[in-house]
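Peer 1: If you're matching them up, the sequences are chains A and B in order.
Residues in the first sequence are numbered consecutively from 1, following our numbering.
Residues in the second sequence are numbered consecutively from 1, following our numbering.
Calculated directly from the structure, the hints in this document are not laboratory data.
Computed from a prediction, not measured in an experiment: that's the story for all the values here.
Fair warning: there could be bad hints in the mix.
To be verified - Mimicking EDC-like on lysine to aspartate or glutamate, the simulated pairs with C-alpha atoms at most 20 Å apart in a straight line are:
{"id": "1", "chain 1": "B", "residue 1": "Lys-231", "chain 2": "A", "residue 2": "Asp-232"}
{"id": "2", "chain 1": "A", "residue 1": "Lys-231", "chain 2": "B", "residue 2": "Asp-225"}
{"id": "3", "chain 1": "B", "residue 1": "Lys-195", "chain 2": "A", "residue 2": "Glu-89"}
{"id": "4", "chain 1": "A", "residue 1": "Lys-69", "chain 2": "A", "residue 2": "Glu-89"}
{"id": "5", "chain 1": "A", "residue 1": "Lys-244", "chain 2": "B", "residue 2": "Glu-206"}
{"id": "6", "chain 1": "B", "residue 1": "Lys-244", "chain 2": "B", "residue 2": "Asp-232"}
{"id": "7", "chain 1": "B", "residue 1": "Lys-246", "chain 2": "A", "residue 2": "Asp-232"}
To be verified - Take a look, some chain A residues computed to stay more than 12 Å from chain B by CB distance:
{"id": "8", "residue": "Met-1"}
{"id": "9", "residue": "Arg-6"}
{"id": "10", "residue": "Ala-9"}
{"id": "11", "residue": "Val-10"}
{"id": "12", "residue": "Lys-24"}
{"id": "13", "residue": "Ala-30"}
{"id": "14", "residue": "Thr-45"}
{"id": "15", "residue": "Pro-66"}
{"id": "16", "residue": "Pro-103"}
{"id": "17", "residue": "Tyr-153"}
{"id": "18", "residue": "Asn-166"}
{"id": "19", "residue": "Gly-193"}
{"id": "20", "residue": "Asp-222"}
Stated by the list, open to error - Here are a few chain B residues that face chain A, going by a calculated C-beta distance under 7 Å:
{"id": "21", "residue": "Leu-180"}
{"id": "22", "residue": "Leu-230"}
{"id": "23", "residue": "Ile-233"}
{"id": "24", "residue": "Asn-235"}
Each residue gets a CB set at the ideal place from its N, CA and C atoms; glycine is no exception.
2 protein chains.
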Amino acid sequence: MAVKKRHLAVRIIGVTAHRSTLKKALKRQAIDSGTLDVRKSVLDTDMVILATPVDKILSTLEIIKPYLKKGCIVIDVASVKGVIVRAAERITGRNAYFVGAHPMAGLEQRGIDKADCDLFKNVPCILTPTSRTNTKALRAIFNFWKAMDSKVYILSPSEHDRHVSNISHLPHIVASTLSLSARPSSLKFASGGFKDTTRIASSDLELWIPILMSNRKNIILDLEDYLNGLKDIRNSIAHGDKVKLKKLLWRAKRKRDMLDS
Amino acid sequence: MAVKKRHLAVRIIGVTAHRSTLKKALKRQAIDSGTLDVRKSVLDTDMVILATPVDKILSTLEIIKPYLKKGCIVIDVASVKGVIVRAAERITGRNAYFVGAHPMAGLEQRGIDKADCDLFKNVPCILTPTSRTNTKALRAIFNFWKAMDSKVYILSPSEHDRHVSNISHLPHIVASTLSLSARPSSLKFASGGFKDTTRIASSDLELWIPILMSNRKNIILDLEDYLNGLKDIRNSIAHGDKVKLKKLLWRAKRKRDMLDS
């Protein structure tokens with residue numbers, strides 16, 4: 001829908017596992033045509049977007065590889081890059097081009113009903129080229145995401161994984177743990193603060209478990225930092241140390257105030 | 001503004017520390033008249049709402065006590081009750097009536113510019129009577145918050161403090177710690193998930209430090225639970241235990257899915 005609105009493609013072919021999803025996508029005019037056969041779908045296309053869960057990207061790429069048109073550009077949109085990009089480049093070979101992409105947008109809810117043609121507007125989209133990435137393909141994908149109104153950044157796969165561990169994967173764990181520790185008897189008093197802080201705990205587990213498992217080295221390091229911060233705050237409260245608590249909360253507030261709502 | 005919209009008072013008198021705030025409040029028609037003198041403000045009023053930070057409630061009550069009209073009902077709106085209610089009842093004496101109230105609404109931003117006459121609509125409001133609370137006064141305040149469109153609950157002060165520790169004070173600490181552990185270099189990639197999860201880290205410290213300090217016993221217990229949950233998730237990731245991770249995240253998701261957005 002975002003591509004259509006911006007007239008970035010002549011024809012969009014949707015591939016899904018269920019016919020009902022295809023019907024919905026056609027009805028919302030998100031796609032021009034659809035198929036359940038991933039091989040057929042790529043036969044004459046200039047660009048392929050792999051939008052599967054992390055643990056299905058490489059196997060899907062293996063399946064479509066023999067059917068890719070010469071010069072076709074393949075991108076993914078996954079939230080981890082280290083385990084994906086180099087392997088994907090190897091699988092794609094020389095006939096087609098792979099470029100790793102991560103548009104940092106999404107909702108805690110899934111499905112075409114929740115689709116939004118401005119989902120990618122003003123959000124970061126990180127591209128993760130390597131020394132093997134074709135420069136023309138990279139430039140084309142850079143321009144594609146610019147045209148989608150995203151803020152495009154270029155990082156190495158490992159830099160990408162360090163950053164998203166910190167500001168995407170860690171928040172996910174924190175939100176889920178908070179939901180986990182809510183007592184059922186207290187939950188009826190939950191208001192805006194609790195709801196905001198736990199919103200992403202509702203996200204699709206099929207997507208998130210492979211993400212967290214694939215980026216575990218960075219996540220474990222970030223969790224150590226987070227645990228230390230939490231212990232600092234706990235100790236300042238336990239000891240009644242208002243000065244220390246104020247210093248810590250002030251640093252937290254100042255950092256958050258720099259972002260928009 | 002919420003009281004005015006619902007025609008629940010004949011006349012509303014605002015008390016602030018700064019003349020500029022009074023001017024703004026008059027301009028937005030939030031109050032009918034205003035004063036900087038807290039003593040004068042209560043002279044002929046039937047109901048007083050103490051909406052100061054937690055650590056100023058009792059001292060403000062001491063100041064106004066000699067000026068309260070016979071039969072006046074005084075309420076607070078603080079986020080902790082144990083340290084407030086019994087002391088407030090003692091100070092108020094027999095001439096006037098104190099009822100502890102906690103409307104669970106608020107924004108991370110302060111000031112009249114952010115005021116909203118529907119802030120209390122559909123949010124929980126907890127009243128915390130004790131054996132000393134006057135029954136008629138309690139009924140009047142119950143009806144008042146009902147008329148404000150809040151969902152009114154009645155709990156003891158200590159029950160209240162246990163619940164809000166779990167679903168309000170703990171989220172506050174979690175959100176602040178997450179903001180604290182965001183690396184400056186990663187912050188530019190922050191998108192919806194990070195922003196939601198850290199939103200309340202921007203809240204007013206003048207309000208929150210006394211809240212956290214006053215409810216520290218409950219908070220320390222809830223933090224222990226939270227830390228244990230976090231360690232469970234960390235270990236399942238570190239050991240690549242997908243089954244365990246899925247079980248934990250699923251419980252978190254199911255709980256969050258029960259709440260609206």
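Peer 1: Hint by hint, which ones does the structure fall short of?
Peer 2: Going through the list in order, the structure violates hints 3, 7, 16, 17, 18, 19, 20, 24 and respects the others.
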